[in-house]
Amino acid sequence: MRKAPEGFHYVRGHLRRNPKPRSAKRMSGWMIAGLLAGVWLWGQLFGFGEAGTSAPSNDPRPAVSETAGR
Numbered sequence: 001m002r003k004a005p006e007g008f009h010y011v012r013g014h015l016r017r018n019p020k021p022r023s024a025k026r027m028s029g030w031m032i033a034g035l036l037a038g039v040w041l042w043g044q045l046f047g048f049g050e051a052g053t054s055a056p057s058n059d060p061r062p063a064v065s066e067t068a069g070r
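full-length UniProt numbering applies: residue 1 is where the sequence shown begins, and numbers increase by one.
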C-alpha cells in the first residue's frame, strides 16, 4: 500500500481526509428552536415591558358600539 499524503489516510483502500478538530461545538437546529420557543414563552408569561399601555380615559362621550337611539 502506498503512503498517504500529508493530511490524508487510507480507509479500506480509499484515500480519506483526516478529521479536523472542532474548536467550538455548533448549535443544532433543535437547540435553536428550543431557544426561540423559550424566548416566546418568556414573552407570553412575563412580557417584555410595558408597551404603550394607557389608563382608561374618563371621556363622557359614548363608545362607538353604543346605540345612538337612546
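Read the hints as simulated data drawn from the structure, not as lab findings.
Be aware that one or more of the hints could be misleading.
As the list claims (entries may be wrong) - Label pairs and their computed distance ranges (CB to CB):
no., residue 1, residue 2, range
1, Met27, Pro60, 28 to 38 Å
2, Met31, His9, 27 to 37 Å
3, Arg22, Leu45, 30 to 40 Å
4, Tyr10, Met31, 54 to 64 Å
5, Glu6, Leu45, 54 to 64 Å
Don't be surprised by glycine CBs; every beta carbon is placed ideally from N, CA and C.
Quick rundown of the hints versus the structure:
Evaluation of the 28 to 38 Å hint for Met27 and Pro60 yields a failure: the beta carbon distance comes to about 57 Å. Between Met31 and His9 the CB atoms are about 32 Å apart, so this pair conforms to the stated range of 27 to 37 Å. The hinted window of 30 to 40 Å between Arg22 and Leu45 holds, with their beta carbons roughly 36 Å apart. Look at Tyr10 against Met31: about 36 Å separates their beta carbons, and that is not inside 54 to 64 Å.
The beta-carbon spacing between Glu6 and Leu45, approximately 56 Å, falls within the hinted interval of 54 to 64 Å.
Of the numbered hints listed earlier, those contradicted by the structure are 1, 4.
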